[in-house]
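**Student:** So you can see what is in the structure, the chains are spelled out below.
Protein chains: 2
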Amino acid sequence: MDSLLLKAIKTMAQLPGFGPRSAQRAMLFALKNEGFFLDQLISNLESVRKNIKKCQICGNFSCSDICSVCLDPKRTKHQLCIIESVSDLWTIERANFFNGKFHILGGILSAIDGISPNQLNTETLLNRIENEGITEVIIALSATIEGQTTMYYIAELLSGKDINVFSLAQGIPIGGELNYLDDGTLSAAFLDKREVILSKKIA
Amino acid sequence: MDSLLLKAIKTMAQLPGFGPRSAQRAMLFALKNEGFFLDQLISNLESVRKNIKKCQICGNFSCSDICSVCLDPKRTKHQLCIIESVSDLWTIERANFFNGKFHILGGILSAIDGISPNQLNTETLLNRIENEGITEVIIALSATIEGQTTMYYIAELLSGKDINVFSLAQGIPIGGELNYLDDGTLSAAFLDKREVILSKKIA
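Read top to bottom, the protein sequences are chains A and B.
Each residue of the first sequence is one higher than the one before, starting from 1258 at the first, in the numbering used here.
Each residue of the second sequence is one higher than the one before, starting from 1258 at the first, in the numbering used here.
Keep in mind that a hint or two might mislead.
Copies of the same chain are indistinguishable here, so a pair counts whether it falls within one copy or spans any two.
As the list claims (entries may be wrong) - Listed below are the simulated DSS-like cross-link pairs for lysine-lysine, each with C-alpha atoms no more than 30 Å apart in a straight line:
1) 1331 x 1311
2) 1310 x 1289
3) 1457 x 1264
4) 1418 x 1289
5) 1307 x 1289
6) 1310 x 1264
7) 1331 x 1267
8) 1311 x 1334
9) 1450 x 1311
10) 1418 x 1331
11) 1289 x 1311
12) 1311 x 1457
13) 1331 x 1310
14) 1264 x 1331
Since the hints were derived computationally from the structure, they do not count as laboratory data.
Remember, it's a predicted structure, so these values are computed and weren't measured experimentally.
Take the sequences, apply the hints, and build the full model.
**Tutor:** Written out as structure tokens, the structure is:
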């Protein structure tokens, strides 16, 4: 195979979801029809490269200094959701139930990956808490050891401020079958058990 | 999500092996570390776009007019393997057992996809047969209806020339278990059964 082609395929193979063979297949697809698709792909990637930057407030990707979520006047100002990465923002936005604003940490504390507290985007977080009239913070991090460590770290950081700090509920996922649940989830679901309230019938 | 970003992700999602979510994940990966990987990806794709063209002899992708396979003096000149696409060339080259040259048809006859004989790269094929001293042609096409139709079409085209024309053997794949084989393969394997020849022991 030509060395230029090989180099490009090797680069593509580094993308998550791709391996050496699927990157080959993708490259052949892109080169079809006189490279029509390749042109399109390059120009789209370039416009992302040139225009996309981080939102100065929340850390989201945006082509302006402040992203559309932060600028949206319809969103509740007093509710702030703290997340690890932009992909979490996309996930929550896709589900379309949260109407507050976001703050992206840019990582979670991890001894293995060598991520320490000063690498998290907490400085702007504290500024926002001071200045934006936030009364409720939801720390929406993964239910892993690193995620929960980070959650406690952030909660500690925010203690003493006049805000309510929440973490996500833990329990059975919707549609989850009891006999496929792991022990941790099962015991968490028992610990946080909820009373079933029936509305009284009018006799 | 930003519209530029969305457009680029939609383009990436068209690549085989990618869907909307994996394209999102790949884009986030590319944007990490101030877009370091994205730079690399764009420059590699651009150098492919600018430099890769079709080999004028066989149809392989190459950055020169004639590809390295056609130029290789160590390859047997008289053996020609006819294949559908560049990806087949890569597959055969990876297996590293064939030492002849290739000819890429650029498609196979297909009523559904509307590919007719004049869309196949057969003109240069006939020229090569005349001028390159080829004595053996191996038509290595898929064992599908379209592949086999094309195989007979090419064989017909080459009949009357002073060359031997072969198709690939059909039978049990290496490592294949008998009770998982489909009926067609099984009957093909019976039809082309081979005599087991034992070397005689010296008494």
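**Student:** Would you mind marking each hint as holding or not holding in the structure?
**Tutor:** Hint check results:
1. For the homomeric pair residue 1331 and residue 1311, the shortest alpha-carbon distance inside one copy (22 Å) is at most 30 Å, but the shortest distance between copies (54 Å) is not.
2. When the C-alpha separation of residue 1310 and residue 1289 is checked against a cutoff of 30 Å, the pair qualifies only between copies, where the shortest distance is 11 Å, while the shortest distance within a copy is 32 Å.
3. In the homo-oligomer, the alpha carbons of residue 1457 and residue 1264 never lie at most 30 Å apart, since the shortest distance is 70 Å inside one protomer and 53 Å across protomers.
4. For the homomeric pair residue 1418 and residue 1289, neither the shortest alpha-carbon distance inside one copy (59 Å) nor that between copies (33 Å) is at most 30 Å.
5. Taking the shortest alpha-carbon separations for residue 1307 and residue 1289, both the intra-copy value of 27 Å and the inter-copy value of 14 Å come in at or below 30 Å.
6. Proximity of residue 1310 and residue 1264 under a CA criterion of 30 Å is satisfied in both settings, with 27 Å inside one chain copy and 16 Å between copies.
7. When the C-alpha separation of residue 1331 and residue 1267 is checked against a cutoff of 30 Å, the pair qualifies only between copies, where the shortest distance is 27 Å, while the shortest distance within a copy is 45 Å.
8. In the homo-oligomer, the alpha carbons of residue 1311 and residue 1334 lie at most 30 Å apart inside one protomer (20 Å), although the nearest pairing across protomers, at 58 Å, exceeds that limit.
9. In the homo-oligomer, the alpha carbons of residue 1450 and residue 1311 never lie at most 30 Å apart, since the shortest distance is 40 Å inside one protomer and 66 Å across protomers.
10. In this assembly of identical chains, the alpha carbons of residue 1418 and residue 1331 lie at most 30 Å apart only when taken from the same copy (26 Å versus 77 Å across copies).
11. Proximity of residue 1289 to residue 1311 under the C-alpha cut-off of 30 Å is restricted to the inter-copy arrangement: shortest distance 11 Å between copies versus 35 Å within a copy.
12. In this assembly of identical chains, the alpha carbons of residue 1311 and residue 1457 never lie at most 30 Å apart, being 52 Å within a copy and 77 Å across copies at closest.
13. Only within a single protomer do residue 1331 and residue 1310 lie at most 30 Å apart by alpha-carbon distance; the minimum there is 23 Å, versus 52 Å between protomers.
14. Only between protomers do residue 1264 and residue 1331 lie at most 30 Å apart by alpha-carbon distance; the minimum there is 25 Å, versus 47 Å within a single protomer.
Checked against the numbered hints given earlier, this structure breaks hints 3, 4, 9, 12; the rest are met.
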